[in-house]
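Visitor: Read off the chains here:
There are 2 protein chains.
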Amino acid sequence: MIHGGDIYSYNRILLDFSSNINPLGIPETVKDIITENLNLLSFYPDLSYKDLREKLALYFNVDPFFIVPGNGAVELIFLLMRFFKNRRAIIPVPSFLEYQRAAQLFGMDIQFVYFKDLGEQIVLDLSSLEILKRNGVLIVGHPNNPTGLCVDDMHKLVELCRRKNWFLVVDESFLDFTNKRSFLDFMDIYPDIAVIKSITKFFALPGLRFGFVICKNEKVVKGLWNLKEPWSVNSLADIVARKVYSDSMYIERTKKWLEEERSFFTEELRSLKELRVYKTEVNFVLVGLNGLTAGELKEKMIDKGILIRDASNFKGLDNTFIRLAIKDRISNTLCIKALKECLEGVG
Amino acid sequence: MIHGGDIYSYNRILLDFSSNINPLGIPETVKDIITENLNLLSFYPDLSYKDLREKLALYFNVDPFFIVPGNGAVELIFLLMRFFKNRRAIIPVPSFLEYQRAAQLFGMDIQFVYFKDLGEQIVLDLSSLEILKRNGVLIVGHPNNPTGLCVDDMHKLVELCRRKNWFLVVDESFLDFTNKRSFLDFMDIYPDIAVIKSITKFFALPGLRFGFVICKNEKVVKGLWNLKEPWSVNSLADIVARKVYSDSMYIERTKKWLEEERSFFTEELRSLKELRVYKTEVNFVLVGLNGLTAGELKEKMIDKGILIRDASNFKGLDNTFIRLAIKDRISNTLCIKALKECLEGVG
Numbered sequence: 399m400i401h402g403g404d405i406y407s408y409n410r411i412l413l414d415f416s417s418n419i420n421p422l423g424i425p426e427t428v429k430d431i432i433t434e435n436l437n438l439l440s441f442y443p444d445l446s447y448k449d450l451r452e453k454l455a456l457y458f459n460v461d462p463f464f465i466v467p468g469n470g471a472v473e474l475i476f477l478l479m480r481f482f483k484n485r486r487a488i489i490p491v492p493s494f495l496e497y498q499r500a501a502q503l504f505g506m507d508i509q510f511v512y513f514k515d516l517g518e519q520i521v522l523d524l525s526s527l528e529i530l531k532r533n534g535v536l537i538v539g540h541p542n543n544p545t546g547l548c549v550d551d552m553h554k555l556v557e558l559c560r561r562k563n564w565f566l567v568v569d570e571s572f573l574d575f576t577n578k579r580s581f582l583d584f585m586d587i588y589p590d591i592a593v594i595k596s597i598t599k600f601f602a603l604p605g606l607r608f609g610f611v612i613c614k615n616e617k618v619v620k621g622l623w624n625l626k627e628p629w630s631v632n633s634l635a636d637i638v639a640r641k642v643y644s645d646s647m648y649i650e651r652t653k654k655w656l657e658e659e660r661s662f663f664t665e666e667l668r669s670l671k672e673l674r675v676y677k678t679e680v681n682f683v684l685v686g687l688n689g690l691t692a693g694e695l696k697e698k699m700i701d702k703g704i705l706i707r708d709a710s711n712f713k714g715l716d717n718t719f720i721r722l723a724i725k726d727r728i729s730n731t732l733c734i735k736a737l738k739e740c741l742e743g744v745g
Numbered sequence: 399m400i401h402g403g404d405i406y407s408y409n410r411i412l413l414d415f416s417s418n419i420n421p422l423g424i425p426e427t428v429k430d431i432i433t434e435n436l437n438l439l440s441f442y443p444d445l446s447y448k449d450l451r452e453k454l455a456l457y458f459n460v461d462p463f464f465i466v467p468g469n470g471a472v473e474l475i476f477l478l479m480r481f482f483k484n485r486r487a488i489i490p491v492p493s494f495l496e497y498q499r500a501a502q503l504f505g506m507d508i509q510f511v512y513f514k515d516l517g518e519q520i521v522l523d524l525s526s527l528e529i530l531k532r533n534g535v536l537i538v539g540h541p542n543n544p545t546g547l548c549v550d551d552m553h554k555l556v557e558l559c560r561r562k563n564w565f566l567v568v569d570e571s572f573l574d575f576t577n578k579r580s581f582l583d584f585m586d587i588y589p590d591i592a593v594i595k596s597i598t599k600f601f602a603l604p605g606l607r608f609g610f611v612i613c614k615n616e617k618v619v620k621g622l623w624n625l626k627e628p629w630s631v632n633s634l635a636d637i638v639a640r641k642v643y644s645d646s647m648y649i650e651r652t653k654k655w656l657e658e659e660r661s662f663f664t665e666e667l668r669s670l671k672e673l674r675v676y677k678t679e680v681n682f683v684l685v686g687l688n689g690l691t692a693g694e695l696k697e698k699m700i701d702k703g704i705l706i707r708d709a710s711n712f713k714g715l716d717n718t719f720i721r722l723a724i725k726d727r728i729s730n731t732l733c734i735k736a737l738k739e740c741l742e743g744v745g
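Protein chains in written order, with this note's numbering: chain S, 399 to 745; chain V, 399 to 745.
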């Protein structure tokens with residue numbers, strides 16, 4: 399499985415635009431928490447992660463019982479698919495590759511539907527879902543990776559799930575980058591929703607491995623615990639995740655950075671006629687290419703020390719799509735410059 | 399599932415004798431590695447953990463291909479059982495509870511056999527295995543937890559596995575505490591062996607979560623990778639595990655400590671007539687009680703601020719068994735003193 403962020407396969411990558419990590423880097427508060435708590439490593443984590451769940455529960459205003467912590471969002475994607483393995487999986491694509499991989503691994507019957515390319519944006523097309531059979535589990539990103547947008551009519555999607563008797567898994571790993579509502583708000587009207595959250599992207603901590611599920615369906619919560627391996631969240635992730643959402647300075651700085659750089663970067667990209675730049679609400683942007691393939695551009699960019707995400711292995715996209723992270727001004731400027739040089743004389 | 403080390407369920411535990419962690423604590427070298435590499439947290443770990451596998455391969459003198467890293471030994475126990483889920487699981491008991499839990503979770507047919515209590519020691523009885531049917535996967539600790547001894551006749555066990563066509567999973571999480579050979583030495587004569595290693599116990603790092611499998615059966619190695627979730631080993635575990643086995647000072651100090659304290663502690667325990675103290679090769683000791691139950695003793699010891707492992711939930715043991723970690727001299731002395739007080743007038 400090829401993902402973004404694979405900087406290990408190349409010798410001289412200076413700038414990684416392939417993985418969607420907050421360029422502000424690890425919060426200083428997190429570094430302090432870790433260095434002050436190294437002794438926790440000599441204890442097993444609490445099997446039930448009680449204190450961690452209580453802290454997250456306060457922040458997200460739910461009962462701690464409804465929270466299941468995991469070794470990154472990916473553990474929770476796999477646990478949820480395993481729990482629902484006897485249902486049909488409904489997967490709108492293009493989307494995070496592990497949704498599909500998990501469903502396949504557990505032998506699920508998979509129904510793919512396609513996001514709709516409206517030219518300027520790629521959206522979840524509810525009418526493509528309307529025609530599907532009842533029963534199943536629908537998994538979708540909110541916002542979705544690599545398309546970059548939130549579910550537009552959340553209420554309508556929830557009502558559709560209710561009518562169809564679909565369990566709804568929503569991956570909100572990128573939601574903190576937006577100002578949109580969470581599907582948490584719909585759990586009281588429809589409890590068959592599991593929201594996956596992650597500190598990986600927003601707090602620039604992919605190496606720490608922490609994500610969690612919030613779900614108000616008691617049977618599902620118990621089922622996930624029943625399938626879970628013990629101690630899957632390491633002690634440092636445990637202590638960091640208890641405190642990281644209180645770092646309001648970092649959260650503010652991130653939002654300010656993203657607002658500025660997203661308009662700068664996407665406007666610069668739009669000035670390049672060889673690119674079709676899709677609308678994005680997050681810290682990455684999906685781009686279509688005119689006149690060359692993603693593989694060709696990727697090679698050219700690597701020669702300039704920049705790694706981009708060839709998005710052609712996302713089901714539903716072809717070899718004319720790339721995904722670019724949005725980074726700091728200097729990096730973004732270098733990326734634009736390199737793109738200009740690579741695209742010169744193309745098309 | 400109740401394990402040792404559950405210090406989170408009690409309010410005032412001063413000394414934890416329930417979990418088998420090296421009391422020398424986190425190696426200083428590990429603390430340095432972590433504080434110097436905090437920036438790794440902002441990168442995804444290498445999906446293939448290439449450098450990590452190469453470093454471990456050098457230390458254990460195998461090809462890196464044969465190494466599969468995991469989020470603690472427990473991830474690997476679960477992956478192996480999942481890979482072999484269509485086989486019968488043969489589990490000598492008492493043993494680590496997760497062998498059984500994993501086998502049950504994957505719906506395996508389980509054949510339990512019992513370690514043999516010889517009064518002074520509890521041993522793997524090969525004749526109890528001889529009578530079992532062909533085909534299956536045998537999982538055993540070497541040394542075994544909670545019985546405390548290595549497999550005595552390793553060669554004979556391997557030959558038995560060959561005759562029976564059993565895949566042999568050996569959990570060597572505690573082997574570094576002994577001077578015994580590894581089952582790695584038998585892989586060239588019988589490739590259907592997977593050895594599980596862990597840095598948790600010996601290097602006092604249960605919170606970091608790192609273990610790995612060495613297996614020379616290519617099909618099994620590929621099968622484990624195929625089932626594995628991506629990035630399951632966090633970046634700090636990755637960097638620490640590359641280097642931790644070079645800390646020869648810590649390794650030596652640990653061996654010296656254990657030799658001294660094991661004889662001190664077990665001799666002191668043997669002086670208490672209410673206890674049956676089993677022979678041990680590791681950093682914990684299984685103890686039978688005369689005249690009171692494990693639950694009763696555990697409560698009394700908690701009142702004195704000491705947590706012991708009530709071993710009655712190990713299949714094959716009854717409510718007269720406890721397991722005690724071996725710790726530093728001061729702690730061991732306090733434990734003996736508390737035991738004396740708790741046992742006074744009993745039996």
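Bear in mind the hints are in silico, worked out from the structure with no lab data behind them.
Check each hint, because a few of them may be wrong.
[As the list claims (entries may be wrong)] What the simulated footprint calls covered on chain S by chain V, stretch by stretch (three residues with Cβ under 8 Å from a Cβ of chain V suffice, anywhere in the stretch; the number is not a length):
| id | stretch |
| --- | --- |
| 1 | 469-476 |
| 2 | 654-667 |
[To be verified] Ranges between beta-carbon positions, derived for each pair:
| id | chain 1 | residue 1 | chain 2 | residue 2 | range |
| --- | --- | --- | --- | --- | --- |
| 3 | S | His553 | V | Asp461 | 30 to 38 Å |
| 4 | S | Ser526 | V | Ile529 | 30 to 38 Å |
| 5 | V | Gly505 | S | Phe458 | 33 to 41 Å |
| 6 | S | Lys702 | V | Arg579 | 49 to 57 Å |
| 7 | V | Thr731 | S | Asp586 | 53 to 61 Å |
| 8 | S | Asn484 | V | Phe463 | 53 to 61 Å |
| 9 | S | Leu516 | V | Asp461 | 14 to 22 Å |
| 10 | V | Gln502 | S | Arg668 | 54 to 62 Å |
| 11 | V | Glu616 | S | Thr433 | 22 to 30 Å |
| 12 | S | Glu434 | V | Thr731 | 27 to 35 Å |
| 13 | S | Ser646 | V | Glu742 | 54 to 62 Å |
No experiment lies behind these values; they were computed from the predicted model shown.
Glycine residues also receive a C-beta, built at the ideal position from the N, C-alpha and C atoms.
Visitor: Each hint: holds or not?
Guide: Hints versus structure:
1. Only residues whose C-beta sits within less than 8 Å of a C-beta in chain V count toward coverage, and the stretch 469-476 of chain S has 5 of them, enough to reach three; the restraint holds.
2. Interface restraint, the stretch 654-667 of chain S with chain V: violated (0 residues with C-beta to C-beta distance below 8 Å; minimum three).
3. Taking 30 to 38 Å as the suggested C-beta distance range, the pair S:His553 and V:Asp461 does not conform, at roughly 56 Å.
4. Roughly 60 Å separates the CB atoms of S:Ser526 and V:Ile529, a value that falls outside the hinted 30 to 38 Å.
5. The beta-carbon spacing between V:Gly505 and S:Phe458, approximately 35 Å, falls within the hinted interval of 33 to 41 Å.
6. Restraint check, S:Lys702 to V:Arg579: a C-beta distance of roughly 53 Å satisfies the suggested window 49 to 57 Å.
7. The hinted window of 53 to 61 Å between V:Thr731 and S:Asp586 holds, with their beta carbons roughly 57 Å apart.
8. About 35 Å separates the C-beta atoms of S:Asn484 and V:Phe463, a value inconsistent with the hinted range of 53 to 61 Å.
9. Taken as a hint, the range 14 to 22 Å is violated for the pair S:Leu516 and V:Asp461, whose Cβ atoms sit roughly 51 Å apart.
10. The given range of 54 to 62 Å is respected by V:Gln502 and S:Arg668, whose C-beta atoms sit roughly 57 Å from each other.
11. Here the CB-CB span from V:Glu616 to S:Thr433 is close to 42 Å, at odds with the stated 22 to 30 Å.
12. Restraint check, S:Glu434 to V:Thr731: a C-beta distance of roughly 31 Å satisfies the suggested window 27 to 35 Å.
13. Remark: the range hint 54 to 62 Å for S:Ser646 to V:Glu742 is upheld by a beta-carbon distance near 57 Å.
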